[in-house]
Amino acid sequence: MANSWETERTETENVILKRRSVRYFQKKQVPAYLIKRIIEVGRFAPSAGNCQPWKFIVLRDPEIIAGITQTVIKKCQALSKLLDYRYRKSFLQKNIVNLLIRFMPNDLHPVPFGAATLIAQGKLKLFHDAPTVILIFKDVRGIGDPSLDCGIAGQNMVIAAHSMGLGTCWVGFAKLAFTGKSEWKKKLNIGYPYEFSSSLVIGYPVGRPDKMVPRVTTAVDWYEDGAKKTFY
Amino acid sequence: MDKISFREKIKIPRYDDPIQIKMGLIKIEEALCNGCQLCIRACPANAILLKDKKAHLSNIPECMACGDCVAICPQEAITLVKNYKYTGYFKTIDKGDLQPPRFYGVKDD
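In the order they appear, the protein sequences are chains A and B.
In terms of the working numbering, the first sequence has 130 at position 130, counting the first letter as 1, and numbering is strictly consecutive.
In the working numbering, each residue carries its 1-based index in the second sequence increased by 1000.
Heads up, none of these hints are tricks.
Listed next, with one range per pair, are the computed distances between beta-carbon atoms:
#1 B/Gly1105 <-> A/Asn106: 37 to 47 Å
#2 B/Leu1050 <-> A/Arg60: 29 to 39 Å
#3 B/Lys1009 <-> A/Leu148: 20 to 30 Å
#4 B/Glu1030 <-> A/Leu92: 38 to 48 Å
#5 B/Val1081 <-> A/Ala32: 38 to 48 Å
#6 A/Ile64 <-> B/Glu1030: 38 to 48 Å
#7 A/Leu148 <-> B/Pro1100: 22 to 32 Å
#8 B/Ser1005 <-> A/Thr218: 19 to 29 Å
#9 B/His1056 <-> A/Ser90: 26 to 36 Å
#10 B/Phe1103 <-> A/Leu99: 43 to 53 Å
Taking lysine-lysine pairs in the DSS-like style, the calculated list, with each CA pair at most 30 Å apart, reads:
#11 B/Lys1022 <-> A/Lys211
#12 B/Lys1009 <-> B/Lys1022
#13 A/Lys28 <-> B/Lys1053
#14 A/Lys228 <-> B/Lys1009
Please keep in mind that the hints were generated in silico from the structure rather than gathered at the bench.
Positions of the beta carbon are idealized from the N, C-alpha and C atoms, including for glycine.
Use the sequences and the hints to build the structure in full.
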């Protein structure tokens, strides 16, 4: 969907508008200096009270990446057996899950639930075979909303990576490897005050995934000159 | 903003009921598809499968209208048709139609 506006937009606007999540990577490793550059722009993200409540862990060892994937697959298998409320059959399970959804509407939203089942079945790869994974941990003692600050830092890194011709994807499911009793907290030496926030996978994409696509518009209420207008 | 009534709020939509949860929809122009399978690898929902050497939206679509297949297709054979829509507790509100990135210049002020 290239158009003549592309030249009128700033370079940053074009990178942001073309960014698509990439889930198919070349085997080629990303040079370390590029990853360091990406982390550097994350470091300069805005945060509440400049508290910078983040910690980054870079994973480039295939064994560690595969190990975390295995842990998440096992947890997804257990979860989808217990909680998959799609195509549910038992009356009891339906009602228990319906109750749970009210307490955990975000974790048990229908969309990630489909993904959990796919990961459990091995149809969706957790880190999409990416050569580099950046785990983002939040310092729970941060000011205001540390998760939001980690998100802002992460998106800075994503935009920088795409401007370098790399592909990225946010992977929230890795959280399962760092919740409850987990060997990975010990192996990666993670404890209080750090908690898993999200993770990013980075690599060279196969094909050309970055392109502008249509997306649903959102209602914007605009108050000006004593009147209200809504546009989409 | 759009309203969510109390009745809607207490109702958890059934994932397997197409009236309560409408998933996203894409259209694949089979004549243009060369079976390169890039869209199949790009799809996060495993919604596209290969059928007769052409990409095909599988029987139980889990499409979330992300547009990753539309973007990666070198043949420009895929178009995004519909966004997903939920009812009840997860009711989709305050959304308009699908639009490509728009540009606003000085003349639009």
